[in-house]
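Enquirer: Model the full assembly from the supplied sequences, consistent with the hints where possible.
There are 2 protein chains.
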Amino acid sequence: MKAIGIDLGGTHLRLAIVSERGHVRLSRKVVVGSNRSPEKIVKLISNQLKLLKKESNIKGRCAVGMGVPGIVSSRKGVVYASPYYPQWRNFTFAGKLRRKISYPVVIDNDANMIALGEMWKGAARGWDNFIMMTLGTGIGGALVINGKIFHGNNGFTGEVGHMVIERNGPSCACGSRGCFETLASATAMARMAREMGVKGLSGKKSKLTLELASLAGKGNKKAKRIFKEFGTNLGIGIASLVNVTGIQKIVLGGGLIGARSLFLSAVKKELKKRTYSKTFSDIEIRCAQLGDDAGILGSALTAFEKASRTAR
Amino acid sequence: MKAIGIDLGGTHLRLAIVSERGHVRLSRKVVVGSNRSPEKIVKLISNQLKLLKKESNIKGRCAVGMGVPGIVSSRKGVVYASPYYPQWRNFTFAGKLRRKISYPVVIDNDANMIALGEMWKGAARGWDNFIMMTLGTGIGGALVINGKIFHGNNGFTGEVGHMVIERNGPSCACGSRGCFETLASATAMARMAREMGVKGLSGKKSKLTLELASLAGKGNKKAKRIFKEFGTNLGIGIASLVNVTGIQKIVLGGGLIGARSLFLSAVKKELKKRTYSKTFSDIEIRCAQLGDDAGILGSALTAFEKASRTAR
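Respectively, the protein sequence lines represent chains A and B.
Mapped onto the numbering used here, the consecutive letters of the first sequence carry residue numbers -16 to 295.
Mapped onto the numbering used here, the consecutive letters of the second sequence carry residue numbers -16 to 295.
Because the hints were derived from the structure by calculation, they are not lab data.
Treat the hints loosely; a few may be bogus.
Cβ pair distances, simulated, as ranges [said to hold, decoys possible]:
1) Gly202(A) / Asn203(B): 28 to 36 Å
2) Glu178(B) / Lys23(A): 53 to 61 Å
3) Arg44(A) / Lys261(B): 29 to 37 Å
4) Ser39(A) / Gly158(B): 50 to 58 Å
5) Ser85(B) / Asn73(A): 55 to 63 Å
6) His6(A) / Gln272(B): 52 to 60 Å
7) Gly158(A) / Ala64(B): 48 to 56 Å
8) Asp111(A) / Gly109(B): 22 to 30 Å
9) Lys26(A) / Gly109(B): 40 to 48 Å
Here the structure is a predicted model, which is why all the values come from computation and not from measurement.
No residue lacks a Cβ here, since even glycine has one placed at the ideal position from N, Cα and C.
Expert: In structure tokens:
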């Protein structure tokens, strides 16, 4: 049996055929156009699937897993809302796609799929309980408990980025204030750079953290301070998560981990201050290893698991 | 089969015989003396157990469950540290007690036992996933997932009270700053009362929240503001927990819930601000129903479960 892992991002759609041992056999990556209606995306995926099948010549049973950015009920196969697909409201994505492609389909939040991918083949191998955080524009997060994504009361999953770490802190798009992701993300670093008046930046949003890292590497004090502050805030958030869950295993992923040498010591300093010594000594932080493949692999793993449950 | 549920507090030791249906048949309550060495406490419990057995005339199989304040590994039966029993360090409590009384013994953190008691016979009946918080001098907490206490990586459980909600907030005894329990507990209310110079208080620590509630009931503006601020902070912490875990079911217990009419609307206001509307509409807060019996019942339930696992 084969699985097709799909990773639907804000810009690209990636699909891959994955073996039961977790090898990516063949993959495709296309840009998602500007028409983002539910029907259009379902059609795009089904067309790409056809091309993938034709190219690979796969036969027999096949299952599909897909990671989607946004608020997703995996159990119901529904996307409630997505920052990149504003037209989607209570969209029964799994069901619609299944009817179109006649394979079983399972969906989940993209951060969850990434966590499962890292557990299967990456940084979290051998861990049953861990917290995954992806550091980028915001903070994505997943709780893995007993080897499974923990879905709360209604099939939803945690929004780690919207844990409050400064009750009267910066406004967050979610309506709250001082959320973790307003203080430990690329967005937070952009704000700090603005406030401090860092010189030598091109002003391109997508390049900001790379440019800051390069400045910091050259000894720029303000840039170094921004990474330190980022690390301190990240440490505060991780300490809270460790204290709340009793889980001391952490995987950090996302674009920002490339600059980890600039902030990891600040993270550890903060963790030492804010956890009991017994807890601190058990904390283990690993960096994600699979890059873009993590979501694909986690989606495929979810598809295999669903298929094996259905077959029983 | 019968279970003996034990609740070891900072001041009292309570023991009760509990039926498999969750009825408290007979109970004893004694003051814990000032000699609090491990040996002394084990002896106290075993003596009290003998008296209980004699009085009740129970025969046949029996299992013991006990809630202990502090950092406990339920899996290992070890108490690592306890605020009320400072001499206890890595104390293998379950093993020592078992040898003395020759019944199987299971221990866990007291807040966990309270959560299980409320699930079995109290406010959380019918809930598989919920967060329990006990509001008192600090904030005790438990995560119940799939009907079981969630124990993190090393058999520890969450320390909800040490989630940070204001990164540079008041110092906490744990070494951190701005922990949830520095801002939403009786201790926090005492600090606010001091800072605001509330008049008409006796100065007795144990009576402070009752006196404040009475003042607020009579229209005292400062006392009312303290309860509102407490509710706001409580709401911030609950919003964080809901966002992190995806669990929207909450049970509040502890001494302070008697004054809930003074703070629950502030809690709800804050939750509305700090969670997505879909999440907010699913939030359900219940108040604990069992008072002192919760810990006893949860301990007994844990004892029954351990006995049935062992018997298999």
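Enquirer: With reference to the structure, classify each hint as holding or not holding.
Expert: Here is how each hint holds up against the structure:
Between Gly202(A) and Asn203(B), the C-beta spacing of about 57 Å breaks the proposed range 28 to 36 Å. Between Glu178(B) and Lys23(A) the beta carbons are some 58 Å apart, a value that agrees with the proposed interval 53 to 61 Å. A beta carbon spacing of about 35 Å between Arg44(A) and Lys261(B) agrees with the range 29 to 37 Å that was offered as a hint. The given range of 50 to 58 Å is respected by Ser39(A) and Gly158(B), whose C-beta atoms sit roughly 56 Å from each other.
At roughly 59 Å, the beta-carbon separation of Ser85(B) and Asn73(A) lies within the given 55 to 63 Å, and the hint holds. At roughly 54 Å, the beta-carbon separation of His6(A) and Gln272(B) lies within the given 52 to 60 Å, and the hint holds. Between Gly158(A) and Ala64(B) the beta carbons are some 39 Å apart, a value that contradicts the proposed interval 48 to 56 Å. One distance hint, 22 to 30 Å for the beta-carbon pair Asp111(A) and Gly109(B), holds here, with the actual separation near 28 Å.
A hinted range of 40 to 48 Å holds for the C-beta pair Lys26(A) and Gly109(B), which are about 43 Å apart.
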